[in-house]
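Chemist: Sequence lines, in order, name chains A, B and C. Each residue of the first sequence is one higher than the last, beginning at 1 in my numbering. Each residue of the second sequence is one higher than the last, beginning at 1 in my numbering. Each residue of the third sequence is one higher than the last, beginning at 1 in my numbering.
Keep in mind the hints are simulated off the structure, nothing from the lab. Ideal Cβ positions, reconstructed from N, Cα and C, are used throughout, including at glycine. Careful, some of the hints might be misleading.
[To be verified] Here are some chain C residues pointing at chain A (derived, C-beta under 10 Å): (1) LEU100; (2) MET162; (3) ILE275.
[As the list claims (entries may be wrong)] Here are some chain B residues the structure puts well away from chain A; computed CB gaps all over 10 Å: (4) ALA110; (5) ASP186; (6) ALA223.
[What the hints assert, rightly or not] List time: in silico EDC-like cross-link candidates among lysine to aspartate or glutamate, alpha-carbon distance up to 16 Å: (7) B:LYS56 to B:ASP68; (8) B:LYS56 to B:ASP23; (9) C:LYS118 to C:ASP219; (10) C:LYS94 to A:GLU200; (11) C:LYS94 to A:ASP240; (12) C:LYS118 to A:ASP288; (13) B:LYS56 to B:ASP120; (14) A:LYS163 to A:ASP33; (15) A:LYS152 to A:ASP162.
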Amino acid sequence: MMPSLRLSGQRALWAMAGVAIIGVVLPLLLRSDFWLNFAIMVLFFTVLGQAWNILGGYGGQFSFGHAAFFGTGAYVTAVLQVKFGINPWLGFVLAGIGGGLVGAAIGFLSFRYGLRGSYFALVTLAFAEVLRILANAAAFTGGGVGTLIPLKQTAANFQFVDKTGFYFVIFALMLIGLLLAYWLENSRFGARLMAIRENEDAARALGVNAFAIKLGAISLSGALAGLAGAFYAQYFLYLDPRLAYGPGISVEALLVPIIGGMGTIFGPLLGATVLHVVGEIARKVMGDAVGLNLALYGMVLVAMVLFLPNGIAGLARRQRLKPKEERL
Amino acid sequence: MSEPLLDVRHVDKSFGGLRAIADVSLSVHQGEIVALIGPNGAGKTTLFATVAGFLKPDAGAIGFFGHDILGSTPDRICALGLVRTFQIVQPFAGLTVRQNIAVGAHLRHAGRREALELADSVGRRLGMAALLDRPAIGLTVAARKRLELARALATEPRLLLLDEVMAGLNPTEIDEIVAMIRAIRDEGVTVLLIEHVMQAVMSLAERIYVLNNGALIAEGTPAAIAANSAVVDAYLGHGAAGKLQAKQVRHA
Amino acid sequence: MLEFSILLPALLNGLTIGAVYALVALGLTLIYGVLHIINFAHGSMLMLALYGVFFLHALFGIDPYVSLLIVPPALFVLGYALQRGVIGRASHGKDENILLVTLGLAIVMDNLALYFWKADTRTIDTPYGFDTVDLGIATIAVPKAVAFVAALLICCALWLLMARTDLCKAIRALAKERQGAQLVGINVPHLFAMSFGIGAACVGAAACLLLPSFYVAPDVGQVFVLIAFTVVVLGGMGSFAGALIGGMIIGVTESIGGLFLGESLGQLGIFVIFIAVLLFRPTGLLGHRA
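Next comes chain A alone, as it looks inside the complex (with noise of 0.2 Å):
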């Protein structure tokens, strides 16, 4: 049987303790900022994704407004700190709880009315629009001027000299959201999101309560996200409206586990290191030009709907069952 990057049980406990080795050890090889800086997007972006996976890929519901989770988590981080003098490693906690009640907000009103499909993507775009909105008018964050963390750099402070104290930080949430989808993978809780994924109303019919446990992804997956967002905020120490709440965000959040491989544990990472790697040669290839490197993203996002529905992760699995299907 050929290798595959569908992992589960033993063999993806030693994968991850694997990437764990190889992320500690990472940094130490990573002589330059530039390439430092580098693998810290790369992290962060899993972290996203990995967020956007659990609900969309795990759970089918796919989201076009993760920013709505991610943007609160930036904006408490960020508000508590500036306006409140609230430490950012409380505000870091505080920027999950606040992702994961937008999202079990956002999830309560869209499932209570059976929102599914289209209409579910849509409606959480337009609730990440209206927070956007409503960030760019309201004071406490600065409106559409944005607000600026002060530079503090002690470690106390959640602001390293170091860029590696970041690395290791996003490193840690990385690997949190790793366990999190092996989590998915090898409970209860999971199977019954997979389950509501491949057919809802089969799920119920087993006795799955399919509003709760899409309330429960939507406000875990509304938590790393706003993880995420409280990262970024620390790491950028400057946030807008449109950077928090914009689709960007939203798009990237996407794009990462549907490159990489849906419902897959390590799809994120791998879409992230992709998309990043293939980002970074445009960019030395065709100059740093305003556009042109979200154009081939979407152009990415274009082929692999088209090619590989199933994401990178999916060839090596898809190889791996068809000839299967084919004897029965």
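Starting from the structure of chain A, add chains B and C where the hints point.
Modeler: Showing chains B and C alone in chain A's frame:
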């Protein structure tokens, strides 16, 4: 007779102007195999969907195992021990057979290992041992029907509502599934089934309800129903009664 | 009525922009009604059309209203090609995949526009750009009045077209009964692409009517796509009359909302309507499909 396990009383359900179920009352007792028959469009599947909580009836009462389940949700009704299968099979296409069955097993077993083990044993009992690691999407019709049954059984129900699990099967496969249903009943699961395969109905069911245009038109033992030529003619067409009786004699 | 003198122009303004929204939404609702897909690239097609109108004027001095003869046919071709070559091949049995592919197309179009034409906001100068008509109760800019009337005329023309011609009878048959249409020998992929093309042509017409009183920038599609969705959802997916009424309601909401809440919050009303309709009445005001 003791209190029935399932007690449907005067249930009504309309879609727009169409009265899909009209004042239907029926009961199923612990340990029985009861069949619900009738021509296409008679409202059988609608009745199942209503009993299982997928549709809210306009009027009536539904009692199950001493609980009033009218207006309850499918998952809560399933947790009480009433599970339905779907006439058009609804496999979780992307999951393996074992994972499919485990979704049902998880109803009463929180642990993944326990659920997978139960899924294994249920799958084997229904003759799916070789298929357990196959993705559900590649299964044959017969295997899908069995999977539908296996998943429902894995919820360890008191009452199983089977919606045409024999449709599309060949005679050998029908004999196999008839034996399975009988074995399931012998282990203490009560069965209410919708079926068009008359031969199977006649040999399996202890009592039969006949539904036509949303209303019950007869109830009785297979022999009584088969003898009720007016009923049989009404929904199987003229002359059907005679053929059925002939079959009945051969089987007896 | 103290505010009447302010309210009335805002209302008129809302109705004129609403007519253009309706025209944009008409294309979207046609595509939805026939293909049952949600075209996320609809706003970006409008953006491309606006650039088309802009460059025809800037480079060749062609009046935007003359462009009505050029841009809609061009958009028709674009729409036909996109549906035939890309979107039609994307579903793999899942509606979400089509949404994703059209999202991808939108990203490509928006960002290529950004790359080639930069983020600048562009407007055109026409001799009639600042003329007004006095309606007695209020005055209204000529381009807006033209847009209002023309948008309504085009909507009616399309309506008649759909009711009368053989092509459109086939399209409507297709919308109702896909398999049946296939069985009687209707070329389904061709007709799907025709419908998509007509939907795109609506967007082309809207662009010609819009530009004299509006602007074009690479992200203008994003503004319109959600508005168009709101109009369509409000009016009922697939309903022509719904798109018209929905467009007017949204135009007025935006205009009046902007008056009371200020520019930045003005759009909020649109999204609130959008969410509320999706949640509480997903079939829309005039829709009948569940």
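Chemist: Now, for every hint given, state plainly whether the structure supports it.
Modeler: Taking the hints in turn, this is what the structure says about them:
Hint on C:LEU100 holds. Least Cβ distance to chain A is approximately 5 Å, under the 10 Å limit. Hint on C:MET162 is violated. Least Cβ distance to chain A is approximately 24 Å, over the 10 Å limit. With its C-beta approaching chain A no nearer than about 5 Å, C:ILE275 sits inside the 10 Å limit, and its interface hint holds. Residue placement check: B:ALA110 does not keep its beta carbon more than 10 Å from all beta carbons of chain A (closest about 5 Å).
No beta-carbon of chain A is positioned within 10 Å of the beta-carbon of B:ASP186; the least distance is around 23 Å. Residue placement check: B:ALA223 keeps its beta carbon more than 10 Å from all beta carbons of chain A (closest about 33 Å). About 13 Å separates the Cα atoms of B:LYS56 and B:ASP68, which keeps this hinted pair within 16 Å; it holds. With a C-alpha separation of about 14 Å, the suggested pair B:LYS56 and B:ASP23 falls inside the 16 Å cut-off, and the hint holds.
Our distance criterion of 16 Å between C-alpha atoms is met by C:LYS118 and C:ASP219, whose separation comes to about 11 Å. A hinted pair counts as satisfied when its Cα atoms are at most 16 Å apart, and C:LYS94 with A:GLU200 qualifies at roughly 15 Å. The straight-line distance between the Cα atoms of C:LYS94 and A:ASP240 is roughly 35 Å, outside the 16 Å bound, and the hint therefore fails. Only pairs whose Cα atoms come within 16 Å are accepted, and C:LYS118 paired with A:ASP288 is accepted, the gap being roughly 13 Å.
Our distance criterion of 16 Å between C-alpha atoms is broken by B:LYS56 and B:ASP120, whose separation comes to about 35 Å. Pair hint A:LYS163 plus A:ASP33 holds up; C-alpha atoms about 8 Å apart against a cutoff of 16 Å. Straight-line distance between C-alpha atoms of A:LYS152 and A:ASP162 comes to about 13 Å, which keeps the hinted pair within the 16 Å bound.
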